[in-house]
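Chemist: Taken in order, these protein sequences are the chains called L and C.
The first sequence begins at 965 in my numbering and counts up one residue at a time.
The second sequence begins at 965 in my numbering and counts up one residue at a time.
Since the hints were made in silico from the structure, they are not lab data.
Incorrect hints may appear among the rest.
Just so you know, same-sequence chains aren't split out, so a pair can sit in one copy or run between any two.
[As the list claims (entries may be wrong)] Each computed EDC-like pair below joins lysine to aspartate or glutamate, with the alpha-carbon atoms no more than 20 angstroms apart:
#1 K1029 to E1089
#2 K1019 to D1009
#3 K1029 to D1050
#4 K1019 to D1155
#5 K1029 to E1000
#6 K1147 to D992
#7 K1147 to E1024
#8 K1147 to E1117
#9 K1029 to E1105
#10 K1029 to E1094
#11 K1029 to D1155
#12 K1147 to D1114
#13 K1147 to E1089
Protein chains: 2
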Amino acid sequence: MDGVIQTSAPATVRRRIPRAQREELMLDAAERVFGEHGFRGASMDEIAVHSGITKAMLYEYFESKEGLFQATIERVRSRLFAVIQDAVAQLPPGPARMSAFSRTYFDWLDANRGQGWMLYGGASEGVADEMRMRNAEAIAEILEAGGAGDVRERRRGMVLTQSLVGAGEQVGRWWLREPGVSKADVIRDFDVIAGAMIAAAGR
Amino acid sequence: MDGVIQTSAPATVRRRIPRAQREELMLDAAERVFGEHGFRGASMDEIAVHSGITKAMLYEYFESKEGLFQATIERVRSRLFAVIQDAVAQLPPGPARMSAFSRTYFDWLDANRGQGWMLYGGASEGVADEMRMRNAEAIAEILEAGGAGDVRERRRGMVLTQSLVGAGEQVGRWWLREPGVSKADVIRDFDVIAGAMIAAAGR
Chain L
965 MDGVIQTSAP
975 ATVRRRIPRA
985 QREELMLDAA
995 ERVFGEHGFR
1005 GASMDEIAVH
1015 SGITKAMLYE
1025 YFESKEGLFQ
1035 ATIERVRSRL
1045 FAVIQDAVAQ
1055 LPPGPARMSA
1065 FSRTYFDWLD
1075 ANRGQGWMLY
1085 GGASEGVADE
1095 MRMRNAEAIA
1105 EILEAGGAGD
1115 VRERRRGMVL
1125 TQSLVGAGEQ
1135 VGRWWLREPG
1145 VSKADVIRDF
1155 DVIAGAMIAA
1165 AGR
Chain C
965 MDGVIQTSAP
975 ATVRRRIPRA
985 QREELMLDAA
995 ERVFGEHGFR
1005 GASMDEIAVH
1015 SGITKAMLYE
1025 YFESKEGLFQ
1035 ATIERVRSRL
1045 FAVIQDAVAQ
1055 LPPGPARMSA
1065 FSRTYFDWLD
1075 ANRGQGWMLY
1085 GGASEGVADE
1095 MRMRNAEAIA
1105 EILEAGGAGD
1115 VRERRRGMVL
1125 TQSLVGAGEQ
1135 VGRWWLREPG
1145 VSKADVIRDF
1155 DVIAGAMIAA
1165 AGR
């Protein structure tokens, strides 16, 4: 299989692709194949074929299937947060931002329903935890809940952002399996609850 | 290894142990061994030795290491909720119960720090999700948030209980890795946030 790929994309050509661009090609293929088959079901052979890059190169860049999966869900995660950042940029910090956040998040869940990398898929606990910590940092930035205040306020801000990460993840997971609950309804309910959390923490 | 166990506990003796009691012996050993080594690190051989029951019997009862792990974390989970039920039984539904809930939960996290089955350890997504659904049902019972009300209220009650499950899990996970945050502080902060969630959902 590697032979086929090398014939269609000789080494001399491949070397001219900048590293970052080649990485994107690999991640595009990984996102598609992990999305379709999940972590366990996906094969590095299939990802190599779809990316047009050798399997050896995949391992050189990402070390293992786990490493490639982690990079894939990290890219998915950071793209979602970039969209969220755009959605909240013009709004004042606090509940208004959380509301835009909720809408963007549930739209994203809906659009990516059934993807094998969704909500960390079969990622190891360590990888999922790393993603959750990054989500908490991103939420702290959006709410501006991280920096200011005394020790007590900063600590409460952290409990708040961790609570929002956990609640958002679990409500999302639940909603994806509840065909009877409309997107508008889950957004409204989550927004009321998340808004109250933010208000209670004094953000 | 099976031979050694069979010599010390002959089949005629083992058959006299009632099924439920034998299951408890296996789960006691599993809890200890998974607790110490985690899901991946634990071996069925070691669990068999500690339970004084053959490995063949372990497989007969639980089918696989995954099945035994699932039964182990389910027993841990249901014991925690039994303790929580006791703690809240004399209190009116709503924030007072949530407060007792928080105290009991963080005490439990503290007492079981480092156990390999903690917060579903390396359980598969399917198993962890099943546990989360049971937690949500238990919380709905405690808050009496499940049954009454019209469709809209019941739906909001479900979003609330799922939010509490996710927030509690994530704050617990975060707190176990934050040596600078005292138990009293995390309980107080989580209580303020969870109390606001419950009040906002009209419970």
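Chemist: Looking back at the numbered hints, which does the structure fail to meet, lowest number first?
Modeler: Failing hints, ascending: 3, 4, 6, 7, 9, 11, 13.
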